[in-house]
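If you're matching them up, the sequences are chains A and B in order.
The first sequence begins at 1 in the numbering used here and counts up by one.
The second sequence begins at 1 in the numbering used here and counts up by one.
Calculated from the structure, these hints are not laboratory results.
Note that CB positions come from ideal geometry on N, CA and C, so glycine has one too.
Don't take every hint at face value.
Partial chain B-side listing against chain A, Cβ under 7 Å, derived [claimed, not checked]:
1. M48
2. N136
3. P160
Some residues of chain B that are not near chain A, with every Cβ distance over 12 Å (derived) [said to hold, decoys possible]:
4. K55
5. D56
6. S66
7. N78
8. S89
9. T134
10. K166
11. Q174
12. N176
13. D238
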Amino acid sequence: MRTRLRMWTLLAGATVVLALPMPAWAQLTQHDLASRLGMESHVGHLTGHAKDAKADYRRYCVGCHGELGDGNGENFPWVDPKPRDFQLGVFKCRSTPTGTLPTDEDLFDTLARGLDRSNMPQWSTFTKQQRADLVAWVKHYSPRWANEKPGTPIQIPAEPEVTADRIKAGRDVFARVQCWKCHGVLGQANGPSAATLTDDLGRPIAAFNFTEGARPKCGDTDRDIYRIFMTGLDGTPMPSYADNIKPDEAWDLVFYLRTLMSQPSKEKEMAKKLDLKPVDPNAPAGQQ
Amino acid sequence: MKKPDLVLVLSMLVVVGCGALFFGRRVSAAGDGKISGTVKLDGTAPHMKGIDMSKDPYCVKANSGSPAHLQIYEVGQNGGLENVVLYISEGWTGSASTSTEVPVFDQKNCMYSPHVLALDAGQTFKVTSSDQTTHNIHPLPNPMTGNIPWNQSQPPGAAPIEKSWKNPEVIPVQCNIHPWMHGWHVVVKGPYATTDASGNYTINNVPPGNYTVTAWHEPDQTQTQKVTVAAGKPGTADFTFKAK
């Protein structure tokens, strides 16, 4: 009796598996928006469906991001920074290398986090399912998801213990890769190149000011900060430093950046005790 | 005794001549054909403004010998125009990139060298930095073409970056740290050439056939000409641009 039941289950399962892939293949070959409504997202155990996000998008997102997802909603003239153009498939907040697509989780996190100092609020009021559906909806606007896979997330080693030596080493990294060219020696966003920065569409953009109590746009945990300078913020002047800062040095830099931020931190207190001076922009390369 | 000698010499000449012709044709068919010519600028070259690099003392010092200026119109002897890219826009049936050459795009004295880098779609190129200052190399293709923008830092002593572009497109390249740094990656399909300081160019490896050659000059000036490459007879095409 039991074996017969198992056989039936197997047979039914095989039929479902064999029947499923056909419509999915058909969708991948078409590129117009309507045909991409089958787009899915996968976040943890959740599966988001683009078609289920239609009502939420029209109600909450369309005003800025627009009917076609090109960032040209009716609020476009009045918002700055400008709404993201989803058709381009280029995103600031990614765990993946520069020039690659973000993961579904990256977009899911951005939705909940919002983007500080912009008109993009925290959408933490949505259920996780709603957010997963909206991620699938965002993806359906760009042909890139039909042709490319998301990049492989960068590896972030476990955070080491903060030490005075690490903070000093972080200052050396800050000097060597010349973060101060835009962010300024004190992190006040007043470096020599700060005034002329533009985004990929040629619009003026400001470097992050560490001293105003603002949260970095792509998150304010230590791991977020690590990720920001290693992956870069695509679409902006902030490049990726993954090729030029080793993982261990990257943690040193995170600790040093904490000393520049106005928020109280262990690193800030340690820097005070060390009487750490800002880097010298006039020192020749390699001599700080 | 004299007559047979003459016949012999004549017949030998004919044999050698035929052989040479035949050999020549075979070489051409193997891809030895060329399209060459000269690109000139009509009239006087517009004044190229000097570049203020005072944001970065390193860059000022690096250019103290000969101050840097804009490179839109680099005009040489007899009005020859440099940095014009020539490529086959119609008639090219060859396959994807077969070139094993890896062109270098260097950041030198806070300028791009070369200012215009021509590339075949899929061809690997290298980005290097000869400078003791940090650059960020930030090409700005239109993502809708299938070429994806990226942005990487190159501090002093950084390793070269190896990349390629998937599809033909004229891609502006910039450094956000040094906003005067502007260059071009001109991605084409098939063989290409860039004019030298005298405006001369040669596109190599063009098999016999009828082609349309396009000449591109920044930011968006193009001209085309029909060119025929015959066996053992390279094609020629001269172009003249007007200063904009």
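Hint-by-hint comparison with the structure:
Taking 7 Å as the C-beta cut-off, the interface hint given for B/M48 is violated, the closest approach to chain A being about 20 Å. Look at B/N136: its Cβ gets to within about 4 Å of chain A, closer than 7 Å, so that hint holds up. At a threshold of 7 Å, the smallest CB-CB gap from B/P160 to chain A is about 10 Å, leaving the interface hint violated. With a closest Cβ-Cβ approach of about 4 Å to chain A, B/K55 is found to fall inside the 12 Å limit, against its non-interface label.
Taking the minimum C-beta to C-beta distance to chain A, about 6 Å, the non-interface status of B/D56 is violated against the 12 Å cut. In this structure B/S66 is separated from chain A by more than 12 Å, as the shortest Cβ-Cβ distance comes to about 23 Å. The Cβ of B/N78 sits about 37 Å from the closest Cβ of chain A, beyond the 12 Å cut-off, so the non-interface label holds. Remark: the non-interface label on B/S89 is consistent with the geometry, its nearest Cβ contact in chain A lying 25 Å away (cut-off 12 Å).
Not every C-beta of chain A lies more than 12 Å from that of B/T134, the closest at about 4 Å, which undercuts listing it as non-interface. A beta-carbon of chain A comes within 12 Å of the beta-carbon of B/K166; the shortest separation is about 10 Å. With 12 Å as the threshold on Cβ separation, the claim that B/Q174 sits away from chain A is violated: the shortest Cβ distance comes to roughly 9 Å. For B/N176, the shortest C-beta to C-beta distance to chain A comes to about 3 Å, within the 12 Å cut-off, and the non-interface label is violated.
Distance check for B/D238 against chain A: the nearest CB is about 35 Å away, which clears 12 Å, and the non-interface claim stands.
Checked against the numbered hints given earlier, this structure breaks hints 1, 3, 4, 5, 9, 10, 11, 12; the rest are met.
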